[in-house]
Every structure is written in C-alpha cells, then in structure tokens.
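*Asks:* Listed here are the chains, written in short residue letters.
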Amino acid sequence: MSTIITLTTDFGNKDPWVGAVKGVILSINPEAIIVDISHGISQQQVVEGSFVLSHAYPYFPKGTIHVAVVDPGVGTERRPVLIETERYFFIGPDNGLFTQVLTGENVKQVIELDNSDYFLPDVSMTFHGRDIFAPTAAHLSLGVAPSQMGTMMEESITLELPCVEISPDIIRGEVLYIDSFGNLITNIKETDLSEMLACGDIDIDVRWRTIHGLVESYTEGSHGERTDGAVALIGSSGFLEIAAFKDNAAVALGVSVGERVDIRLRLKLS
Amino acid sequence: MSTIITLTTDFGNKDPWVGAVKGVILSINPEAIIVDISHGISQQQVVEGSFVLSHAYPYFPKGTIHVAVVDPGVGTERRPVLIETERYFFIGPDNGLFTQVLTGENVKQVIELDNSDYFLPDVSMTFHGRDIFAPTAAHLSLGVAPSQMGTMMEESITLELPCVEISPDIIRGEVLYIDSFGNLITNIKETDLSEMLACGDIDIDVRWRTIHGLVESYTEGSHGERTDGAVALIGSSGFLEIAAFKDNAAVALGVSVGERVDIRLRLKLS
Amino acid sequence: MSTIITLTTDFGNKDPWVGAVKGVILSINPEAIIVDISHGISQQQVVEGSFVLSHAYPYFPKGTIHVAVVDPGVGTERRPVLIETERYFFIGPDNGLFTQVLTGENVKQVIELDNSDYFLPDVSMTFHGRDIFAPTAAHLSLGVAPSQMGTMMEESITLELPCVEISPDIIRGEVLYIDSFGNLITNIKETDLSEMLACGDIDIDVRWRTIHGLVESYTEGSHGERTDGAVALIGSSGFLEIAAFKDNAAVALGVSVGERVDIRLRLKLS
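Those protein sequence lines, which keep their order, are chains A, B and C. Take 5 as the starting number for the first sequence in this note's numbering and just add one per residue. Take 5 as the starting number for the second sequence in this note's numbering and just add one per residue. Take 5 as the starting number for the third sequence in this note's numbering and just add one per residue.
Hints were generated in silico from the structure; no laboratory data involved. Keep in mind that a hint or two might mislead.
If chains are identical, the list can't say which one is meant, so a pair holds when it fits in one copy or spans any two.
Only pairs whose alpha carbons sit at most 20 Å apart, straight line, appear in this in silico SDA-like list of lysine to any residue [claimed, not checked]:
hint	residue 1	residue 2
1	Lys-18	Ser-46
2	Lys-250	Ser-6
3	Lys-112	Gly-262
4	Lys-250	Ile-170
5	Lys-112	Ala-149
6	Lys-193	Pro-34
7	Lys-66	Gln-113
8	Lys-250	Thr-80
9	Lys-18	Gln-47
10	Lys-112	Arg-91
11	Lys-193	Leu-218
12	Lys-112	Pro-150
13	Lys-250	Gln-47
Keep in mind that this is a model prediction, so the values were computed, not measured.
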C-alpha cells in the first residue's frame, strides 16, 4: 500500500543510518512513500526535534505515518511508542519528542511497542530507528492494527515547554527555535497579542534591542526607520518572529534559543 | 497523477519548511513524485539558485514541474509566477530565478499566479513556498490548466548575467559558480573558444596564475607539468572549468564567484 | 517498472549534480523509485564511501540497484562497472568502492560497462555519474540484461582494508569510521572478541585512554564509574564502537580515522 511515511531524525546527511532505515521500510513495504522531513536536527536535541516535527506534520494528508527519532536514551528503559491521533500515526521514542502532538492533537491511543513480531529479528541496543521504529512503521503502512503491535499506555512523556506569561502590561515569552535563516521564532502566538494590540502600539524587547511595532513581511526591514533592519512580525506558523532584512537576526542580535522576549505597550508622550 | 515535481530552495536541511512544502503537495496530489534538486542554495542568493536549477532541470522528463524558491522579496510586490515552456513548467517568485529558462527555453506562456483558489486557504506574508507555490504545483500536476491559475504576463524579470567578451586577442569571462568540490565554473562556453583554439595553443589567466592549455579530465592535474595541479577543462555542462587535482581549486587559487578569467593565444617564441 | 535505485555519492547537498542524476534516471524510467543513501561522503574518499554503502545496502529489498559514485579517477582508465550479486546490482567506478560487496557478497558477475547504447548520447570526461552510471541503472531497472551492457571482467579492484590482529594477549584493530555523533566505529567484530571475553574482563586502549569493559547502550556512559563518559560497546552493525555519553567521542578523545584500538584481558590483582 502506498502510505506516506515521513522521517524526522538527528542522523545527519552523511552516515549510512538514514539509508538503513529506508531500506528496512522498503523491504517490508516496497510501495511505501518515504518523505524526509529533516535529518538535520541537532544531535540528541529532543526539544528541537519536537519543534521541527510539529511545524511540518500538520501539512501531510490524513493517514500519514510520522516516524521521529531523536533518541539519546536508546537502549534504556525509555519506551518505544506509537501514537494514533484522529489524522495521523506517530512512531518513535517516548521521550517528549511528541509533546506538541500529545497536547495539541486529538489522541485516540498510545501504544507501547512491545510486540517483537514487528521488529527486525535482531534488535540492537543502539539503533531502534532501524530495528524497531522503521519495521513498525512499515507493518503499520501495510494495515496491521496498532493494538496488535503492543500494549496500551496510560501516560506518556511530554516536555515542559516554556509558557507565555500574559499580564496587562507585559507579555513575556522566549525564543523557541532559530531557523537556518537566523529568524528567531518565539512561543508567543498571534492571539496572545490581540488584546494588547487593540490598546495601542507595541514595543518588543529582545536582548538590548527594542523593536517598534510589527511589520508584515521580512523586506520591511529595509525601510530604514528601524535600526539594523531588525523587525518583528507574525511568522508563517502564527508565532511572533524576529527577523533582520537580508541578515541573520540571531547573529546580528546575538541571541540564542531561550532568550527572553518582552512585549509592552508603547508609552505615549502626549 | 504521478507527475514529477522538483524542488530547488534555500531552505536548508534542518528546518521544517521543506517538509511542510512536501506535505502540502502530497495532501493535494498523493501520487505526485517529489524530487529534491537542492535545498542548499546559499540563503537569498537568487543568482546561485538560478545556476543550480539551470544545470539540473534539463535532465528531467517532459512534463516535469520545477518549483524553485529563493525568495528574498516574499510578501512584497514581486509576483508569483508560472512559466510554461515546450517541455516543462516552472513555478516560483518572479525575481530572476528563471533567467536561464526565460532566455534559453521555448517559452509558451508566463502566468502571474493570482487565483487564490489554488493557494492554501490562509496565505502568510513570509512563506509563499508552502502557501502558493506548493499548492499551485500540486493542482497543476492534477491537470488544472495554467490559464486558470492566473493572468498572462507580458514581461518577467531576468537577471543580467555577465557576458563573455570575445575579441581576436582575448576572451574574457568570469567565474559563475563554485561547486562543492571547489571547481570554478565559468561563463565561457566551449564554442566561445573554438576559433582561438584553431589558431594555436591557449593560456588561461585566473587570479595570479597562468594555466597552459586545456586538459580532458581532472586527473591530468596530477601529471606534474602543471603548477599546483591547477588545470582548465571543458566541464560536464559545456563550460570552461578550472579545477585542481585532488584539491579545492577555489581555496588553492583564492578565487570567489565573479573572479575574472582571461584566455589568450600563447606567444610563440620562434 | 518500479525498481528501487539507491544513490551514494560525494556530490554534497548544494550543487545541481544530484538533481541531474535523478533527472536522467527518471527520463529513462519514470517509475524508478530513487532513494538517497548519502550524498555527504567526504569528497573523493573512496574508503569512506565504501563504508557508508556497506552499512546501508544490505537492508534494501532483493533486486535493488545500488549506484555509488565517489570517483576521483573519472575520465581516466578506471573502468565503469556493474556488479551483480545474488540479491542486488551495484553500479559505479571500479576503484574499490565496492570492496565489501566483492568480498562479502555472493557475486554472480562483474561487467565492464562499455556498451555506449546505454549511456547518454554525449559522455563528458568529468561526470560519469550522470552520463554513464545513471542511464545504465535506469536501463537495468527496465529489465535490460547486464550482459548486454558490457563485457565480463575477470578481476575488479578491492581496497586493502585494515585487518584485525588477534593473539591470545591482545586484539589490535583500528577506527574505520567516525559517524556524525562522533562515535568511533572500529573494524573489530563481536565474534573477534568472544574468546577473550570468555576468559575474563577486558580493557580497551584508545589514544591515552583505557576503557574498562563493554556496556550495552550509550547511556551507560552516564553512570559515572567511567571517566569522561567514554564507553565501549558492540554497535548496531556488530562492530566494536567507542562512544561518549551525550558527547562526541572523536572530539573528546582526540581520535581520527585510523587510530589504533587495542583490547587486552584485564590484569587481576588477586
């Protein structure tokens, strides 16, 4: 069956590991359509992996199987897991990688993958992507029921992602992800801002910089009224983003993931 | 329908953006065959993107849809465009990315993509790759006529690529692209050289170096008669290339894109 | 026919070369399923390419065509080759890239690709991946017999990979490959160790470090009994591997490919 199976890993683009995973899937279901989301997650960075997955998976068709492997705890007691939601299946380690799925999707069931009938015959202690997750995904794509593959779980692990603090005076969030353009993507949603924006103009404080108001596109950073081309805008995922015109905002502003971002009503001297 | 859709972008291999584009395409046409040409274009480098696209697209079968997104002007007045040629379709921003297509192919029509029926429901100001180009390509692959997707355009934007100056004494070109092996690919075509080669031996000047004559393959740089292993040859795309045996010519010669390359008849002291 | 064709190259993820190869294949067989194993092999590093290929190819289904191109001798007398084994086909330069295939697989025939009917019409001296290997793979995927594509060869080139020296007192191997996690993969197989392990505990010497015994998973490096988190274990491919908990062992230990690894019985002071 020509089900789509996506891959999100920290395996990089050099080693044989991604190829081995694809080979295992195609050996079980030669008609599976394998789609790479990313193999460039920083190694063992589960939070980053969960971010990348969460910004790509919702665009795939119903029935897609999303395999994600960022797995520093491979070979320990962390459980291999299959999550079935209303629209998708997710397969990978139960280590928080699926936090946004578990908190944001309509979850139907979570299965601990403990039926080795659907694993490779020899399961290594260090490469469950190839030995457990790939074959499970392939069997699932052939129509095996999730319930056959393991045991229902009551709870699974979610990361404590930083919350946005909203008060009448200040909205405080932080930089969640820096993309390869250097854009700073925060955890502040468009809707978090709506009330404050209704009251007047806003200022955005990040690092030592204050950015005045929101723009609509990256190129408005070229208009000159703004120092150093740094602008704030609602990005393509609906979150507040800080960018720099034809520049890398992360480098220009000296900001890393976790940096605090404050939004205030602009004082009017009238 | 199993049409091929290629992708050429500057999105890199880490972020969720490529995955989102693929998801959008497959949600509209699950049978589309998506082929990555490159996601490693240097960010916002339209000239580089146009070079990479132009050296890969001609090898694909008739009917292939080529999507290219290097789009520093996203969200501004630059137009989203669909170009139909005798063999292919090209979709992306009208910013010069399709220069070699527009000047070298038999263009049938150029359409400004202004019919939002073929976009995602919510179009962001910052990610037209996902919201406009991907869905347009997918609908096109299902057989929607280009004329339904927008308005015919009279003109579209082409880059002024550097010309080769040819005189009886000297042929002057420049380095257009440096590939990841460090080979310097110039804008001088094999045919530009034919007349001079008919008259005698040639010398190639680049930076502080003079290379004597052409070789046929990279390994001739190992023969020792040539200083530092630098050689000149007609590369696989039919352009003059400067390479270094088992070395990175760009680094060894200290050359960047735009460096001038002069070709002269060798003086005979007889 | 929907045959799988894998690609393993040193072309990188930026240039148009990978795209051109895929275009050529799909122009000849639009139903070929192209799977990237790696395009990140270090340039012209045949040994590394052979390692990556050898750790990925065995996972693919019977009948898969594996194309590998790490080809410093392109355009010289090195021969383009097609190897048919019991399960697979391998296509690429005859330069040692297929060493593990030739020594480890049941080889049925080796063909020198000298029938230009199956090449692109114009074969460049510098890009046989596009002009010879891609079209050959595509024609093969359509059912052309290997024997039609060239001439049987008696011998082909294999690399002299470093051997493990086994004596009662010491097992001496070396680091063959360092993956992108920094794990040091040696040429010492699990079976090489079995006899010594039956006699008692072992110590592993690498660089200035002695690691005591084997662990089962990477995370055991966190238990604190081991200096600097360096651990030794049998990796997912059945070879002795040296890793560091949440760290890059290659950097932490200052080790490169070729570094010697010695295994000794631990002295018991009793």
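*Asks:* Evaluate each hint against the coordinates.
*Replies:* Each hint, compared with the structure:
1. In this assembly of identical chains, Lys-18 and Ser-46 lie within 20 Å of each other by CA distance both inside one copy and across copies; the values are 14 Å within and 8 Å between.
2. Taking the shortest alpha-carbon separations for Lys-250 and Ser-6, neither the intra-copy value of 41 Å nor the inter-copy value of 37 Å comes in at or below 20 Å.
3. Neither within a single protomer nor between protomers do Lys-112 and Gly-262 lie at most 20 Å apart by alpha-carbon distance, with minima of 32 Å and 51 Å respectively.
4. Taking the shortest alpha-carbon separations for Lys-250 and Ile-170, neither the intra-copy value of 32 Å nor the inter-copy value of 36 Å comes in at or below 20 Å.
5. For a Cα distance limit of 20 Å, the shortest separation of Lys-112 from Ala-149 inside one copy, 13 Å, qualifies, whereas the shortest one across copies, 40 Å, does not.
6. Taking the closest pair of Cα atoms, Lys-193 and Pro-34 never come within 20 Å of each other, the shortest separation being 41 Å inside a single copy and 31 Å across copies.
7. When the C-alpha separation of Lys-66 and Gln-113 is checked against a cutoff of 20 Å, the pair qualifies only within one copy, where the shortest distance is 16 Å, while the shortest distance between copies is 35 Å.
8. Only between protomers do Lys-250 and Thr-80 lie at most 20 Å apart by alpha-carbon distance; the minimum there is 14 Å, versus 45 Å within a single protomer.
9. In this assembly of identical chains, Lys-18 and Gln-47 lie within 20 Å of each other by CA distance both inside one copy and across copies; the values are 13 Å within and 11 Å between.
10. Proximity of Lys-112 to Arg-91 under the C-alpha cut-off of 20 Å is restricted to the intra-copy arrangement: shortest distance 10 Å within a copy versus 41 Å between copies.
11. Taking the shortest Cα distances, Lys-193 and Leu-218 sit within 20 Å of each other inside one copy (13 Å), while across copies they are farther apart (48 Å).
12. Taking the shortest alpha-carbon separations for Lys-112 and Pro-150, only the intra-copy value of 11 Å comes in at or below 20 Å, while the best inter-copy value is 41 Å.
13. For a Cα distance limit of 20 Å, the shortest separation of Lys-250 from Gln-47 across copies, 9 Å, qualifies, whereas the shortest one inside one copy, 28 Å, does not.
Against the hints set out earlier in the document, violations occur for numbers 2, 3, 4, 6.
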